[in-house]
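Please build the complete structure, drawing on both the sequences and the hints.
Chains as they are written, first to last, in this note's numbering: chain A, 1 to 110; chain B, 1 to 114.
Calculated from the structure, these hints are not laboratory results.
Quick caveat: nothing in here was measured; it's all calculated off a predicted structure.
Think of the CB as a built atom: it goes at the ideal place given N, C-alpha and C, for glycine as much as any other residue.
Some clues are possibly wrong.
Unchecked claim - Pair ranges (Cβ atoms, derived): (1) B:Gln83 / A:Ser81: 36 to 42 Å; (2) B:Gly16 / A:Ala66: 49 to 55 Å; (3) B:Ala2 / A:Lys97: 37 to 43 Å; (4) A:Thr53 / B:Asp56: 26 to 32 Å; (5) A:Gln42 / B:Gln83: 22 to 28 Å; (6) B:Glu14 / A:Ala66: 50 to 56 Å; (7) B:Glu14 / A:Gln16: 46 to 52 Å; (8) B:Gln84 / A:Pro65: 24 to 30 Å; (9) B:Glu14 / A:Ser9: 33 to 39 Å; (10) B:Ser66 / A:Gln42: 22 to 28 Å; (11) A:Asp11 / B:Gln84: 18 to 24 Å.
Said to hold, decoys possible - Derived SDA-like pairs (lysine to any residue); straight-line CA-CA distance at most 25 Å: (12) B:Lys17 / B:Asp63; (13) A:Lys54 / A:Pro7; (14) B:Lys11 / A:Asn26; (15) B:Lys57 / B:Gln84; (16) A:Lys69 / A:Glu14; (17) B:Lys57 / B:Pro107; (18) A:Lys107 / B:Leu39; (19) A:Lys97 / B:Arg110; (20) A:Lys97 / B:Asp24; (21) A:Lys3 / A:Ala60; (22) A:Lys97 / B:Gln41; (23) A:Lys54 / A:Ala110; (24) A:Lys97 / B:Ser62; (25) A:Lys3 / B:Pro55; (26) B:Lys11 / A:Phe39.
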Amino acid sequence: LAKTTQPISMDSYEGQEVNITCSHNNIATNDYITWYQQFPSQGPRFIIQGYKTKVTNEVASLFIPADRKSSTLSLPRVSLSDTAVYYCLVLFSGTYKYIFGTGTRLKVLA
Amino acid sequence: GAGVSQSPSNKVTEKGKDVELRCDPISGHTALYWYRQRLGQGLEFLIYFQGNSAPDKSGLPSDRFSAERTGESVSTLTIQRTQQEDSAVYLCASSQGQGLYEQYFGPGTRLTVT
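Set out below in structure tokens:
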């Protein structure tokens, strides 16, 4: 059964780096990993997407180990406005189902 | 349009009634997705449409749920004989294609079944 799991919540302070991990044990060769950010009463917003090794854009980095059974979203120097819920999303190409992770509620403290 | 729009933004209905939720995707996006998000929980994939291909309906939670899409435009999600457990935010997203493309989400429709 395709499944993705994440820590329920994390606290951090402004200026720190935050790493959020997602486990996706059943990921297949052709499956991509995408991360989204969601603020209250809004739809999720795309952050970053990757397939293997490391991807970096202007807001985050995504680390994917060789076995690809997990991925880590890294947010450098978080600010109060980064307080949100973060979801990983895997498209399991075998069943063509889009499976969101359980979500990690990040709280950034001053 | 500028983004994905959904209507209504809020819907309160009595148990047993039918409801229809609408999604207008970004113009030119061939793929469209529906998700359900219960209060305080994550997103549950329901169904997606890609172009004129037949959608995979196996993610729909029961036969009371159905979805239609006309070409590459508007989609409607219909819930028949609503139950209290159907109360949730229903989110629609669209993308340029399926698979690798970023999904752009609408603001959602908050459905409350009393």
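Now for the hints, and whether the structure bears them out:
1. B:Gln83 / A:Ser81: 36 to 42 Å: 38 Å, holds
2. B:Gly16 / A:Ala66: 49 to 55 Å: 53 Å, holds
3. B:Ala2 / A:Lys97: 37 to 43 Å: Because 29 Å falls outside the window, the suggested range is violated.
4. A:Thr53 / B:Asp56: 26 to 32 Å: 31 Å, holds
5. A:Gln42 / B:Gln83: 22 to 28 Å: 26 Å, holds
6. B:Glu14 / A:Ala66: 50 to 56 Å: For alanine 66 of chain A against glutamate 14 of chain B, whose Cβ atoms are near 54 Å apart, the range 50 to 56 Å holds.
7. B:Glu14 / A:Gln16: 46 to 52 Å: Because 49 Å falls inside the window, the suggested range holds.
8. B:Gln84 / A:Pro65: 24 to 30 Å: Taking Cβ atoms as reference, glutamine 84 of chain B and proline 65 of chain A lie about 43 Å apart, which means the hint is violated.
9. B:Glu14 / A:Ser9: 33 to 39 Å: Given range 33 to 39 Å: holds, Cβ gap about 36 Å.
10. B:Ser66 / A:Gln42: 22 to 28 Å: 27 Å, holds
11. A:Asp11 / B:Gln84: 18 to 24 Å: This hint is violated: roughly 34 Å between Cβ atoms.
12. B:Lys17 / B:Asp63: Given that 25 Å is the threshold and the Cα spacing comes to 15 Å, the pair holds.
13. A:Lys54 / A:Pro7: Given pair lysine 54 of chain A, proline 7 of chain A holds - Cα atoms ~21 Å apart, limit 25 Å.
14. B:Lys11 / A:Asn26: 37 Å, violated
15. B:Lys57 / B:Gln84: Measuring from Cα to Cα gives roughly 22 Å; hence the hint holds.
16. A:Lys69 / A:Glu14: 30 Å, violated
17. B:Lys57 / B:Pro107: Roughly 23 Å between the alpha carbons, so the hint for lysine 57 of chain B and proline 107 of chain B holds.
18. A:Lys107 / B:Leu39: 19 Å, holds
19. A:Lys97 / B:Arg110: 23 Å, holds
20. A:Lys97 / B:Asp24: The hint holds at about 22 Å.
21. A:Lys3 / A:Ala60: 24 Å, holds
22. A:Lys97 / B:Gln41: 18 Å, holds
23. A:Lys54 / A:Ala110: 29 Å, violated
24. A:Lys97 / B:Ser62: 17 Å, holds
25. A:Lys3 / B:Pro55: 22 Å, holds
26. B:Lys11 / A:Phe39: Holds. Lysine 11 of chain B to phenylalanine 39 of chain A sits at ~21 Å (cutoff 25 Å).
When held up to the earlier numbered hints, the structure conflicts with 3, 8, 11, 14, 16 and 23 and fits the remainder.
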